[in-house]
Amino acid sequence: MQASSTNIEVGYDALSNGVAILDRSHMGRILASGSDALDLINRFSTNETVGLSDGDVVVTVITSDIGRVKELITIARRSASESVIMTGPGAESSIIDWLNRYNFGEDCKLSVITEDTGQITISGSQAVDLEIDLPELDHVIASEISGMPVEIARTSGPFLSSYEVLVQDADQLSAVWDALLSAGGTPASEAAFDVLRVEQGLPGRSGEITDDSNPIEARLGSYISFTKGCYMGQEVIARLDTYDKIQRRLVGLLTESGSSLSEGTALKADDREIGRVTSVVESPSLGRTIALAYVRKAHAQPGTTLDSVHGPVSVTELPFSAI
Amino acid sequence: MYLTSIFRIGAVIRLEVQLVSASKPAIPANTIFITEKAASKVKEYAARDGMDKFGLKVGVKGGGCSGLEYVLDIVDGPSDDDKVIVHHELELYVPKMSYVYLAGTELDFSDGLNGKGFIFKNPNANKTCGCGDSFSA
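Respectively, the protein sequence lines represent chains A and B. Residue numbering for the first sequence follows the numbering used here, beginning at 1 and increasing consecutively. Residue numbering for the second sequence follows the numbering used here, beginning at 1001 and increasing consecutively.
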């Protein structure tokens, strides 16, 4: 593993105005082989994963039979019969087990390649300064960094806009990291990424994209195709969308200057619990604690004041940087 | 490949899942049954496509709103891992991996303007989606 700066401000500045790098080799990676692999995933996730071209990247959400999030995955298609799937940390086996459970002799083989490979995230407005090959949005390219074979995928979200460098041989991870460092990349911590994420109102894997949430309320609507046809959970998600049945919304919370909040804090209105805080960060640009929270729809209007054990908080528009 | 879409047989084919009615004699759990009407329809489609030697592949695959969906295909013979069942002089080819989800199923046909096409009455289905094409077991 590569050492990243624990100084949030250094990483925050690089993410805002420069180019930040972060070793994310602990995230999950799966090799999907076989001509039916993307078709099978298409039948169990929200976005369209068939009809892609080689080099396409697509984000999709594997859902349960009641339309809840099982896992958010990013697929980078190498060819008609081979793709790399990026997952959350430790999620590989459960995804493979889930999909294999519904594979009745189709040509689809899923293998965990997390330990054999590496992954470095590049983010920030000046990524071009690294002078490496950079793909277009939602594409992946095969390239080299200091002579070492990598694939570089550019994803549109739902997290901070980034390039994911997939190092094909884990033994070369340190060398690729050093090359990016020498080229001007600033090591950033996961905490720095998290501050920018919350400021931009983007969901995270720890608080918002959970098996208790559905993709619409988690602001993952961009990764749902409402025209692709059936997939597991589709009826529920279509009903939530068509009849606006979403019960809660992901909102931003502004604290009063000087006060704090913590994840999991209950939010109340008229002494009734109407939501929970999901992510909390100290925002350098806003100079106070800000948070994301799921709150019931009736209390999600910007400007609404909610109570918490830490004091009153104000519901605000997302992203925060817009205020 | 047996996983060809059900619509390859013809646009008129639609599927519906129903739990077996308690008032009707159950299909033995060690077989899959096709009614005479459904078998006639399969033969009609095969004749229309000029097939002399054929059978009906009946299987399931992962998909649909509930996790599993039915697959029907008219093919010219069984695959190595197919269980072969004969009713009304029609051979049914059932992949062994699908059989556990289909044992005891009756395949019927509903015609007419409001007909539903091919209907699976599957005692293994504990939940079906709204359109009836998908089930969980």
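By construction, these hints were calculated from the structure, which means they are not laboratory data. Be aware that one or more of the hints could be misleading.
What the hints assert, rightly or not - The following residues of chain A were derived to be distant from chain B, with all beta-carbon distances above 10 Å: (1) Asp65; (2) Ser79; (3) Arg101; (4) Asn103; (5) Gly105; (6) Asp138; (7) Gly233.
Said to hold, decoys possible - Distance condition first, Cα-Cα at most 25 Å in a straight line; then the derived BS3-like pairs of lysine-lysine: (8) A:Lys228 x A:Lys245; (9) B:Lys1043 x A:Lys228; (10) B:Lys1053 x B:Lys1096; (11) A:Lys70 x B:Lys1127; (12) B:Lys1083 x B:Lys1053; (13) A:Lys109 x B:Lys1116; (14) B:Lys1053 x B:Lys1043; (15) A:Lys228 x B:Lys1116; (16) B:Lys1053 x B:Lys1037; (17) A:Lys268 x A:Lys245; (18) A:Lys245 x A:Lys70; (19) A:Lys268 x A:Lys228; (20) A:Lys70 x A:Lys297; (21) A:Lys109 x A:Lys297; (22) B:Lys1127 x A:Lys245.
Cβ coordinates follow ideal geometry from the N, Cα and C atoms, glycine included.
Okay, the hints, checked on the actual structure:
{"no.": "1", "hint": "Asp65", "in the structure": "violated, 6 Å"}
{"no.": "2", "hint": "Ser79", "in the structure": "holds, 19 Å"}
{"no.": "3", "hint": "Arg101", "in the structure": "violated, 8 Å"}
{"no.": "4", "hint": "Asn103", "in the structure": "violated, 6 Å"}
{"no.": "5", "hint": "Gly105", "in the structure": "violated, 6 Å"}
{"no.": "6", "hint": "Asp138", "in the structure": "holds, 25 Å"}
{"no.": "7", "hint": "Gly233", "in the structure": "violated, 7 Å"}
{"no.": "8", "hint": "A:Lys228 x A:Lys245", "in the structure": "holds, 21 Å"}
{"no.": "9", "hint": "B:Lys1043 x A:Lys228", "in the structure": "violated, 33 Å"}
{"no.": "10", "hint": "B:Lys1053 x B:Lys1096", "in the structure": "holds, 22 Å"}
{"no.": "11", "hint": "A:Lys70 x B:Lys1127", "in the structure": "holds, 20 Å"}
{"no.": "12", "hint": "B:Lys1083 x B:Lys1053", "in the structure": "holds, 17 Å"}
{"no.": "13", "hint": "A:Lys109 x B:Lys1116", "in the structure": "violated, 36 Å"}
{"no.": "14", "hint": "B:Lys1053 x B:Lys1043", "in the structure": "holds, 10 Å"}
{"no.": "15", "hint": "A:Lys228 x B:Lys1116", "in the structure": "holds, 23 Å"}
{"no.": "16", "hint": "B:Lys1053 x B:Lys1037", "in the structure": "holds, 19 Å"}
{"no.": "17", "hint": "A:Lys268 x A:Lys245", "in the structure": "holds, 22 Å"}
{"no.": "18", "hint": "A:Lys245 x A:Lys70", "in the structure": "holds, 20 Å"}
{"no.": "19", "hint": "A:Lys268 x A:Lys228", "in the structure": "violated, 39 Å"}
{"no.": "20", "hint": "A:Lys70 x A:Lys297", "in the structure": "holds, 23 Å"}
{"no.": "21", "hint": "A:Lys109 x A:Lys297", "in the structure": "violated, 42 Å"}
{"no.": "22", "hint": "B:Lys1127 x A:Lys245", "in the structure": "holds, 22 Å"}
Hint compliance for this structure: hints 1, 3, 4, 5, 7, 9, 13, 19, 21 are broken, all remaining hints hold.
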